[in-house]
Structure formats: structure tokens, C-alpha cells
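Colleague: Here the protein sequences line up with chains A and B, keeping their order.
Here the first sequence stands for residues 7 to 277, numbered as in my numbering.
Here the second sequence stands for residues 7 to 277, numbered as in my numbering.
No lab work stands behind these hints: they were computed from the structure.
Careful, some of the hints might be misleading.
Identical copies carry no separate label here, and so any pair may be met within one copy or between two of them.
[Claimed, not checked] No more than 30 Å apart at the CA atoms, straight line, and that leaves these computed lysine-lysine pairs for DSS-like: (1) K27 to K221; (2) K265 to K208; (3) K59 to K17; (4) K17 to K27; (5) K208 to K27; (6) K221 to K17; (7) K59 to K221; (8) K208 to K247.
2 protein chains.
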Amino acid sequence: MSSEEVQTYLKSADSAINRHKERAHYDVETIHSIISTTPVAHVSFIPDPSNPKPVVLPMIARVGTFPGDAEPAVYIHGYVSARLFRPQTGRSEPATRDSDEGLPVCIAATKIDNLVLALTPFNHSYDYRSAVVHGTATLLDPGTRDDPMNRDEIIYAMRLITDGIVPGRWENSRVPPDEGEIASTRILKVRIDSASAKIRAKGVSDDAKDLNDEKTTGRVWTGVIPYVEVLGEPRPAESNKIAHVPEYISGYVREHNEKAQVTSKGGLTST
Amino acid sequence: MSSEEVQTYLKSADSAINRHKERAHYDVETIHSIISTTPVAHVSFIPDPSNPKPVVLPMIARVGTFPGDAEPAVYIHGYVSARLFRPQTGRSEPATRDSDEGLPVCIAATKIDNLVLALTPFNHSYDYRSAVVHGTATLLDPGTRDDPMNRDEIIYAMRLITDGIVPGRWENSRVPPDEGEIASTRILKVRIDSASAKIRAKGVSDDAKDLNDEKTTGRVWTGVIPYVEVLGEPRPAESNKIAHVPEYISGYVREHNEKAQVTSKGGLTST
């Protein structure tokens, strides 16, 4: 399946949403956009299949299709312990060659839009958007200076992740990465086996029995409190030598904050 | 170990932080505060040990010590599939009786404080605080109307979670929950087996080779962009009958936003 042809991910036993089906989404655009606009994703894996205990760690995740690949993949960056790959291969080297199966992982990205205050604690909720990807991870092994591997794809992923922090940042920083930086960068490429998103955007939903009880409605305020992630004023490092914050940064901060407020459908408080 | 006596969690093979040890924290206060101030945690588990694939889902997590318990536990609320408990018991009923082992889970809560823009993509980072708990989950089974179970603890956890959304919300909503609400509420109690936190708060950290290169420092702005979660102006539900937003809500919004700005050590942009 190519990224142009496939507009939705297949439902699988892993990804099918069985509760609140009206909140389920399987389209590529929704799933990718949730992942790519969330600063931190949570990646779970099983370090030791002989002692099946899950681990979940925060990492940066971005979706992209490496030129030549038929499908989009999730590229994740964070501290990747060698132990992630040991169980798959039975050896201490990472599982990166095509013959290796890779490591089953699950990636979740979640954005809270509103705190939802209903009449009863039971009906309290969040409006939110979440995406969950089930996939298979392999480490993009850089090889060695004499026997380099995956260089183009590692640089592709580093750029995807850097521009995912601030668009345009890659070409406005010192690039390309040098040999030592590439050798030390650990990027996981996750083949997407199945994926789904769940979106709640309905605000307060109370039960008739409470809505019809004037003692309750006369006492309990109900509504939503927007939960908004904003970017603050950029603060230069002590070692910074550039007099003004460049426009690609200040413009992005402005644009991010305008979008954040629209998305939450609410204005910021004037604190 | 009682919550008064224990000030730090024991390091275990699961929780020990082996990279960037200077960022590691094992004290109870740090770990609990990260979990309890994060609106959504990510909980991972293995639905089927015979086919070890991890799942991670967003849930609300709060730490509390139920009166009479010797230790604090993490109470988590979210959609809990029956499948979580089936593998543990070999039957379709939840694993809640003392004889059941419970389900191994891992809970992560992460807060981004700053986007960190360094001279090179390689040194880009986030300032962040994250907590990871390894534990064992059991479902607080409400039993039936005729044979009720765990009622006090379910209500304790519902209150902990409701007041975790907005402090004081419990007593300002329609309480106590009725029979149907208690029977439908799924709370997992997680015994904390080990836990750790990781905090990066050092801003930009560049390598000498780049700091000494005037071609780079003369071209690349470096610094941090605060990442701040703020609460917006509360918006009443259509069915709301209360004229003004109560002070316990508007005061909390104000206080939350003041604290968020101090924590990120930055002011909001004036968009």
C-alpha cells in the first residue's frame, strides 16, 4: 500500500476501538496529525519476553515517508536502551538488518482539549484527541565510518524531528551533522501495522435524571475549561550571539499560539 | 513501608536510570507530584502474554493513600477493557480478589517545560520532567448491589480523580455517586513496585567545537521556547443554570496559569 493510495488504516484486533465507536477514526490524516503535533509520545515495549512486563517511555515521534519507501513510518527518538533489541536477536547487537523481525511497540500520542465539568463526578471527562499505533521497530544502525549504513535515512529522520520542534530549524542550525553525531544518534523506525485515533469533542454530557433535578442544576456549575498548550517568549541562551529572535521562530510561536486557541475553541484567560 | 517512612522508592532493574544519571530522581515527592499534575498518563500493559505485544493507552492517574493502607497507590481511570484482566485469571471476571496476582503495568507521566534549540540538530532537546511507575494493577470491583465490594475505596478514588481535575470539584458537584454510577466506574489500583523520575532543566548545552566556531554562532540563534499548559476561560454548558463561574473554578484557573508560567520560567507571548 502506498501513502497515496491508502487513506485509512485497516482495523485489526489490536487497533479496533470497541467502546465509544462514534469517537473512533482510522484515517491516515487524523492519526498522523495527532502524532506529529504532540511534542512527546509514549512508546511501550517488552524488554524481556521471558518475563513479560511492559515498559513505557516518553520519546519524540514524527510520521514521514522516506523517499523510496512505499509507506509512511513513525520515526522515534529518545533514549533507546540496547535492551530493546537484545531479546529479538539473542545477541547484543541491535536488530537492524532486514533479516531481523524488529521489536513490537505501541505508540500513543494524546492531546487534551478541554476539562469537562459535568453535574456528577461520573460524567466528568476530557475532550481529547489520541492516536495509538501498533508497529514493529527497528533501529536505524549508522554502521561505522568505514562501513556506513542508513545514513540518508538517519539524516532524513533527524531533519523530520528537528523541524518538528520548530519548522525550518534544520536549515537554520549547523548542518549537516558530523560523523560523531550521526554515530551517536539513535532513531527507531516503526513500521505501522495498525493504527487508530479516538476523539471526544462534545463538551458536557449529563444524564436526564440530573438535568431534571433543580436542586442539582441550581447548585452545580457545568461547562468546559479549555486546556491550551502555548509557547512562551523565546529566551536566548547565555552563549547565544544573535541579537534578535529570528522571524521563523517568533512567527512560529505566534502561529502555534493562535492555532492552539482556535483548536481549544476558547480564549486564554487574561492572567 | 508506610508513606511517612518511605521518602524514596527503591531502585530496581526496572526503574534504575542508567543514562544521564544526573537527571534521575527516586524521591516520592518528585514522582508523585509529576504524576498528580499531569492531566493524562500513559499506561502500558500486555493484553495477551501468549502473544507478547505491548499496548499503551491514555488514562487519568492520581497518587493517593487510601485510609488504612500502608502505602500510596496509583489510581487510574479510563477505559478498562475486560481483556486486561482475562489473561491473569483465565476467566472473564476481573482479577480483584486478594488471591489474584494482578496485571503488570507501567505508567508514565511527562511534562515538557521548554523546547531547547541548540547550535546543532544533535543537541536539540526538551527540558522536561517525567515519572515512570512499574506496578501491579487490580480492578476495584464494585461487586453487586446485594454483594457490594470496595465501595469506600472506589468513592475515595473517584474523589481523588475528580478533585484532580479541579480542586474542590467533588463537593461542588452532585454527590455521592448513585448505585448505577459506582457499578459502572472502572478504577484500577496500582501497587507501586518501583518508580523513578527524570528531570532535564539545563536549557541549551552545546559542544565546544560549535561554540568556538564563529561561522556557526554568528548564524544560529540558540535558546529555549517555554512550553506552557494554560487553562482558558471557563465556558458554560448550554444546560448550565449558574449565572457566574464559581470562585473555586476561576481561582484555580488563575492559580494554575500563574504557576505554569513560573514553572516554565517564562512569560506568555502577548498574542
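Colleague: It remains to establish, for every hint, whether it holds in the given structure.
Modeller: Hints versus structure:
no., hint, verdict
1, K27 to K221, "neither (34 Å within a copy, 55 Å between copies)"
2, K265 to K208, "both (19 Å within a copy, 29 Å between copies)"
3, K59 to K17, "both (26 Å within a copy, 16 Å between copies)"
4, K17 to K27, "within (12 Å within a copy, 41 Å between copies)"
5, K208 to K27, "within (14 Å within a copy, 44 Å between copies)"
6, K221 to K17, "neither (45 Å within a copy, 51 Å between copies)"
7, K59 to K221, "neither (49 Å within a copy, 49 Å between copies)"
8, K208 to K247, "between (48 Å within a copy, 19 Å between copies)"
Violated hints, in rising order: 1, 6 and 7; the structure is consistent with all others.
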